[in-house]
Every structure is written in C-alpha cells, then in structure tokens.
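Visitor: Below, each chain spelled out in residue letters.
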Amino acid sequence: MGTRKKHRNVGVIGVGQTKHSSHREDVNQPEMVHEAVREALDDAGITLNDVDCIVHGNMELFEMIHQPDLWHALGTGAPGKSAFRLTTGGTTGATLFCAADNLVASGMYDVVMAIGFEKLQEGHTTGGITNMADPLWFRSLQTGALTGTCAYDVIQEFGEERAKKAAMIYRIIMDQHACLNPKAHRAFGLEFDQMDHLIRSSARLIGELKIIDMCSQSDGACAVILACEEKAKRAAQKPVWVRDHITVHREETFNILGYDQATEEEKTHKVAARELFKRNGITNPLEYFDVFEMYDPSSWWGLDWLRDFFQLEGDEHLRLVEDREISRTGKMPINPSGGVIASNPIGATALVRPAEAALQVRGNAGPHQIPRPVNHALASGFGGTMWTVLMMLEKELDWQEA
Amino acid sequence: MSRRVAICAVAQIRNEPDIWERRFQGMLLDCLEPILEGTGVTFDMDKGIRNVLTCSDDVFDARTISDNGMTDVVGAHYRGEEKIAQDALNGLGYAMACILSGHDDLILYMGHCKESQPESRNMCTNLAYDPFFCRPLGLDFLNVNALQARAYMAASGVTEAHLARVVARARAHAARNPFARENPRVTEEEVAASPLLADPLRELHVYPVTDWAFGMLLCCQERAHEFTDNPVWITGFGNSMDRYFVGDLDLTANLALKKAAERAYRMAGIRDPRAELDVVEINDACAHQLPMTAEGLGLVEAGRAGAWIQEGGPDRQHVNLSGGMLNGNPIMLGGAARAVEAVLQLRGEAGERQVPGARKALAHGSTGGAGQHQTVVILEK
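In order, the protein sequence lines correspond to chains A and B.
Residue numbers for the first sequence follow numbering that gives the first Met the number 0, so the first one is 0 and each next one is one higher.
Residue numbers for the second sequence follow numbering that gives the first Met the number 0, so the first one is 0 and each next one is one higher.
Quick caveat, the hints were computed from the structure, so don't treat them as lab data.
Keep in mind that the hints are not guaranteed to be accurate.
Claimed, not checked - When the alpha-carbon atoms are kept at most 30 Å apart in a straight line, the in silico DSSO-like pairs for lysine-lysine are as follows:
1) LYS237/A with LYS277/A
2) LYS269/A with LYS330/A
3) LYS277/A with LYS46/B
4) LYS237/A with LYS164/A
5) LYS269/A with LYS164/A
6) LYS164/A with LYS277/A
7) LYS266/A with LYS164/A
8) LYS5/A with LYS232/A
9) LYS277/A with LYS5/A
10) LYS18/A with LYS46/B
11) LYS266/A with LYS277/A
12) LYS18/A with LYS277/A
13) LYS266/A with LYS257/B
14) LYS5/A with LYS46/B
15) LYS269/A with LYS46/B
16) LYS257/B with LYS230/A
17) LYS277/A with LYS232/A
18) LYS5/A with LYS266/A
Working from the sequences, and respecting the hints, build out all of it.
Guide: Encoded structure:
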C-alpha cells in the first residue's frame with residue numbers, strides 16, 4: 000500500500016503496444032514482445048543503450064513457460080542490463096508500472112522499461128485461472144475469471160430491466176471506443192439500437208453474465224519506459240508524470256462469494272481510491288480526472304466499479320452510464336482505448352491501462368484521443384481475489400502536496 | 000528520504016527433503032511469527048507493515064498466481080503485495096527500491112518453495128526453454144549446468160577431484176548449521192563414485208531436492224531502531240541478465256555475474272572484494288559454480304580456482320560456511336538463503352560457524368540454466 004513517494008519525480012517517456020488479437024501465429028513470444036519494445040523505444044526517441052533496467056511479468060501457467068524472462072531476453076533487450084521479474088496475477092502489468100516507478104524514484108536506475116505480455120492462444124486461459132484456487136478448498140468451485148455474482152448484485156439492487164440496460168450501454172460505449180483504437184482486439188461496431196436484441200440473444204456464461212459482456216482472450220504485449228525527471232525532460236516526447244500509486248490486495252479466501260451482510264467487507268477498489276485521493280488531496284475525483292483507464296473484465300464489473308473508484312453513492316454510477324457521460328466525449332471518459340473487454344493479453348492488460356492513460360495526457364493517442372485537454376488521468380489494475388492497483392498520471396509537475 | 004535500508008529481522012525454518020506434513024502456508028507462518036515477536040512490528044495501517052513482498056513460483060507450486068495462496072498468511076489483507084518471480088535475492092533489490100523511493104517505510108519479505116512437490120524438478124525447468132528449439136532437445140537447468148561445468152573445467156583446469164573436495168567441504172560445513180538440510184557426510188571418494196546425472200555432473204555435485212521458507216523485515220534508516228538494535232544494512236545491489244541460447248552464451252565468461260558484481264561493488268564502494276569482504280555466500284546449485292562464481296566475483300584470479308580449492312581458499316575467505324546451496328536449498332530461494340546466512344553472520348548469531356568480527360558480507364543469487372540471470376547483494380553491519 001505504501002505512502003506518497005517523495006524522493007524524485009518520474010515520467011513516462013515511451014509507450015509501445017502490439018496490435019492485440021486472438022492469434023499471433025506469425026510471431027513467437029520474444030518476437031511479439033519485441034514489437035512493443037521497439038515501438039516504445041522509437042516513441043521515446045532512445046535506444047536500448049539508454050535503458051538501465053528491464054522489468055518483466057506475466058503468468059507462467061498460461062503458456063507453460065517457466066521464468067519466461069529468460070527466453071524473452073531475445074526480444075526484451077535485457078542481456079547485460081539489470082532485470083527484474085514481478086508477477087501478481089491480473090494486476091501484473093500495473094505492478095510492473097509501479098515497480099518501474101519505484102526503481103526510478105529510488106535513484107537506483109534512471110531509465111526503466113516495464114514489459115507485460117501474454118499469448119493466451121498458446122494455453123488455456125480459463126484452466127489457467129481456475130488453477131489459482133486452493134486445490135483442497137476452492138478449485139472445484141472456481142470457474143476461471145467467470146462469475147455471475149456482480150450481475151446478480153446489480154440486478155438485485157436496481158432491478159432487472161434497468162441493470163441490464165445500463166450494463167449494455169456500458170458495453171456498447173466500450174465497443175464504440177474500441178472501433179476507434181487501431182490496437183484494439185475486438186471491435187464489433189455495435190449500435191445502441193441493437194441493445195434489446197443483444198440483451199436477449201447473447202449466450203449466457205454464468206447467470207446473467209453473457210458472452211457479449213465478457214473480456215476477450217488476447218495475444219499482445221505492452222512496454223512502457225519510465226525515466227527520472229532530468230532524463231525525462233530530454234526525451235523526444237513531453238513526459239507524463241507519475242504522481243502516485245497504491246496497491247490494495249486482500250486475503251485469498253473467496254468470501255466475495257458469500258452474501259452474509261453481517262460479514263460484509265469493503266471492496267478493495269473503494270479502499271484504494273479513498274486512500275489515494277485522501278493522501279493527494281483529491282476531494283471530487285469525478286471533477287478532477289479527465290480520463291480513467293479502468294481494468295474492466297466485464298461490462299457488469301465496469302459498471303459496478305465506477306461507484307467504488309469515484310466514491311459515488313446510490314445510483315450515481317448508473318446515471319453516469321445511462322447519460323453516456325463515460326463516452327470519449329462525455330464528462331468522465333472511461334477507457335477511450337476500448338478497455339479490457341476489447342483487448343485482454345492478461346500480463347500486459349494492466350500495463351496497457353497507464354500506457355493508454357499516458358497517451359491521452361500527452362494528447363497523441365490517435366483516433367481515440369479525447370477531443371479536449373487531458374491533464375489528470377487515473378488508471379487501474381485488477382486481479383487475484385479482488386486486488387486493486389490504482390495509478391495517477393499528470394500532465395504538469397504542478398500538483399500540491401496534500 | 001532514507002539513504003540506507005536495514006534488515007531488522009530474519010527468520011527461517013530448517014531446510015528439509017520433503018515437508019509433506021505442512022502446507023506452504025504453515026511453513027510461512029513459522030517464519031512470520033518469530034519476526035512479529037522479535038521486532039514488535041504490527042500490521043497497523045499508519046505505523047506498521049503496509050506492503051509485503053513474496054517470492055514463489057507458479058510452476059513449482061502448480062498454481063497460477065502462486066502468491067495468492069500466501070496473502071492470508073503474510074497479512075496482505077487490504078495492503079500491498081507484490082511477488083518476485085525470480086531468484087529471491089532480487090527481492091532485496093526491489094525492497095530497497097520501494098523504501099529508497101520513499102514509497103514505503105517497511106517491507107515484509109517472505110518466500111517459499113516446496114521443490115518436493117513436482118514429480119521432477121527437471122521437467123519444471125525444461126519448461127523454461129522455448130517450445131520450438133530447446134525444449135524438444137531436452138534442455139533443463141541440470142543439463143545446461145552440466146554443459147557449463149564441462150566448459151568451465153576445460154577452461155579453468157578445475158578437475159573432478161576439485162569438485163569432490165567442494166562437495167565434501169559443503170557437507171562438513173552444513174553439519175554445523177542447524178538450519179541446513181540434514182545430509183550424510185561424504186568423502187571425496189564417495190562424491191567421485193556417485194552416479195552420473197549429466198556428464199560431468201554427478202548426483203553429489205548437484206544440490207538435492209529441498210523444501211524451505213524464510214522471512215525478513217526491511218526498514219528505512221530512520222525507523223530501523225524501532226525494530227532492532229542490531230540492524231544489517233543493504234549497501235550494494237546489482238543484477239544482470241545474460242543471453243538465452245546456450246550457443247550464444249560464453250558459458251565460462253561470467254558476463255552477467257561480472258556486471259551484477261560491478262554494480263553492487265560500485266554502490267557499496269567496494270574496490271578490493273578479496274580484502275574487504277569478511278563473509279561470502281555463493282549460490283552454488285552445482286559444485287563447479289562455487290569456484291566459477293568466486294572467479295567472477297573477483298575473489299580468486301581466473302585460472303587459479305583449482306589451486307584455491309586445494310589450498311583451502313574457500314575456508315580462508317569464509318565462503319559458504321553455511322554449506323551453501325549445494326547442501327540443499329530449493330530453487331528460487333538459493334539467493335535468499337545466502338542473504339539470511341550473511342545477516343546471521345553480521346549479527347554475530349551464526350553459532351559454530353561465526354566469523355569473528357564480520358562486518359561486510361556478500362550474498363549471491365542466480366536464476367536459470369548456467370546462471371543466465373545473476374544477482375549480488377552487499378550487506379554491512
């Protein structure tokens with residue numbers, strides 16, 4: 000969890016991503032990773048010689064590669080450099096971003112490249128995720144990352160018709176964003192007049208979680224280069240500053256499956272956001288932030304979590320979605336990249352979030368750029384048994400210490 | 000801003016061949032409790048542990064997100080938790096970054112591995128090789144280490160007799176370490192006669208399958224006194240990756256090790272490691288890696304390692320008085336075991352193995368076949 004870092008400023012100076020897709024049979028893993036590395040280096044206008052340290056991560060059991068950073072050294076450029084490998088499940092990419100920030104802020108390294116990847120086509124994603132559960136107690140219950148509980152909760156609280164409509168509006172807005180992002184994996188071209196049909200016809204995965212609601216399984220990689228203030232200011236692009244980040248995990252046991260009100264516990268997203276905003280003096284996050292790149296594994300989770308992240312009450316989050324204020328041109332643009340429902344190479348997914356947020360702040364994200372100035376960005380990672388990483392990015396180094 | 004990072008406490012269980020009766024959560028609890036009791040540290044949200052690092056491996060645990068199973072035990076409830084997925088010694092470097100960045104005051108660092116769980120550790124490490132070229136060849140960490148051993152023996156003049164001596168010495172030292180895996184003492188003749196695993200490595204040249212867990216409490220300089228009056232300081236850290244394909248590697252050149260050592264020595268201000276280091280702990284998964292690593296660290300002149308072994312150099316320079324990885328630590332944790340031993344030495348708590356007046360120690364870790372990734376940490380009293 001930690002506190003605000005104070006040693007020295009760190010900026011994002013380079014961002015690289017592959018085009019995310021269901022099959023990258025034309026490249027092997029190091030080749031795919033190298034595409035992102037190459038793009039990030041070109042973006043920053045530096046070469047591998049300028050990079051001090053590589054931070055690498057993904058989940059071993061998705062592709063059944065033990066210590067893949069060893070093989071990937073062919074594509075990451077790590078030989079001769081300092082190199083770390085950190086993994087935390089779905090949050091891995093965000094952990095890599097925070098780790099790179101810590102490594103630079105500590106003064107131990109000036110330029111650090113974080114690399115997340117996954118080639119889910121080469122393994123069995125749901126089998127891999129199911130394998131996280133305790134073999135004695137929970138494995139026979141777990142169904143990968145597929146859970147209908149969130150849809151059930153939202154429906155219980157707001158009624159079936161309103162809940163399903165809101166979730167589908169969320170889904171269609173994400174798809175419209177994905178259609179503008181050339182790197183997005185799935186972009187269907189969904190229209191709002193298809194809403195009722197999609198709600199009725201999409202196949203059920205579990206309960207009211209339908210196949211249209213759920214994130215993809217993707218092949219893809221992402222690389223983000225972070226540098227100390229002095230070097231960041233000399234980079235080709237205007238740096239985007241990492242203001243703060245917070246990690247909130249919780250215990251293994253899936254008591255999120257329980258509905259015992261007496262033992263209800265706060266959601267990690269809510270706790271993380273509250274702590275982060277408090278220590279940075281953010282009293283109205285909805286006003287403060289200009290974009291939020293959220294790790295939204297399904298439209299139900301995306302919809303529900305808006306309330307936790309923005310500290311909203313009652314049905315405020317539903318209204319935000321119903322009024323389409325979460326679109327690229329709305330009051331609080333969510334995932335102009337199309338988000339995780341569009342593209343989900345798991346080890347990279349949570350790194351794509353701050354990467355895309357940084358592009359939006361820089362103002363050159365491409366066709367999906369938000370059409371007004373973006374000064375303050377929020378990005379989140381999600382994984383494990385409801386784990387949260389939350390990151391804040393800024394255009395200028397002018398924030399007040401809380 | 001903290002200028003130095005302190006190790007305030009270390010805890011470990013004994014290295015065992017097969018801890019079948021305990022789950023890894025129980026092994027970790029046995030390490031966490033002495034740290035809490037010994038330091039008085041709490042999980043208070045303002046003043047206590049708010050960030051936890053862990054080290055474990057998905058393949059050896061047969062669990063995706065292997066750290067997920069540890070979060071209960073290490074107290075990572077509503078707190079940060081991040082997993083080091085390489086030799087655990089790298090976690091000291093990352094913990095250092097967390098603290099020196101100003102982001103954290105305290106880091107609880109815990110790791111586990113039950114190497115006894117998989118049918119075959121060689122099947123697991125075979126998975127580290129790419130599925131196209133190297134995996135079908137049957138490469139794993141054992142036979143890549145064997146290729147390195149053969150190349151090193153040819154280049155350095157270190158012979159099978161020298162390796163036998165390294166193994167017999169490791170067992171003799173381990174017998175004085177209450178945390179070491181309990182192994183029979185062996186003679187040099189028994190080492191030389193043990194079954195060949197991968198030429199030239201014999202069974203006794205290679206560390207045995209082992210289960211183990213450890214814990215550490217790390218803290219910024221300003222607050223270390225709250226938890227101990229006998230802190231050990233991390234003053235140097237360096238790591239480096241080498242090339243992947245065995246054919247691209249210079250197997251005996253110690254390229255990554257020399258870079259890692261150079262970085263750690265520079266940070267700690269060490270100019271003459273041979274003179275300045277009182278205690279050295281080397282991650283010797285195979286017998287030849289003790290002399291080879293000693294060369295790479297600058298403790299012995301290249302080409303002189305055979306004579307160094309013969310003339311008692313390792314004892315004189317206090318190298319692996321713990322028994323080393325060779326006596327038995329699990330994969331991933333070899334480097335952490337080295338650091339834990341170095342901390343005990345610097346605190347004056349190494350019992351019969353104690354080096355009187357030890358003030359500066361080196362811990363070495365390596366990941367991968369032929370040590371593709373190398374890590375060096377300097378610790379000081």
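Visitor: Take the hints in turn and mark each one as holding or not.
Guide: Hints, verified against the model:
1. LYS237/A with LYS277/A: holds (28 Å)
2. LYS269/A with LYS330/A: Holds: LYS269/A and LYS330/A sit about 21 Å apart, inside 30 Å.
3. LYS277/A with LYS46/B: holds (17 Å)
4. LYS237/A with LYS164/A: violated (41 Å)
5. LYS269/A with LYS164/A: With a Cα-Cα distance of about 24 Å, the restraint between LYS269/A and LYS164/A holds, given a limit of 30 Å.
6. LYS164/A with LYS277/A: violated (33 Å)
7. LYS266/A with LYS164/A: This hinted pair holds, its Cα atoms lying about 24 Å apart.
8. LYS5/A with LYS232/A: Holds - the C-alpha atoms of LYS232/A and LYS5/A are around 19 Å apart, at most 30 Å.
9. LYS277/A with LYS5/A: Holds: LYS277/A and LYS5/A sit about 16 Å apart, inside 30 Å.
10. LYS18/A with LYS46/B: violated (45 Å)
11. LYS266/A with LYS277/A: The hint holds at about 17 Å.
12. LYS18/A with LYS277/A: violated (37 Å)
13. LYS266/A with LYS257/B: Violated. LYS266/A to LYS257/B sits at ~47 Å, over the 30 Å cutoff.
14. LYS5/A with LYS46/B: holds (17 Å)
15. LYS269/A with LYS46/B: holds (22 Å)
16. LYS257/B with LYS230/A: Holds. LYS257/B to LYS230/A sits at ~27 Å (cutoff 30 Å).
17. LYS277/A with LYS232/A: holds (29 Å)
18. LYS5/A with LYS266/A: holds (28 Å)
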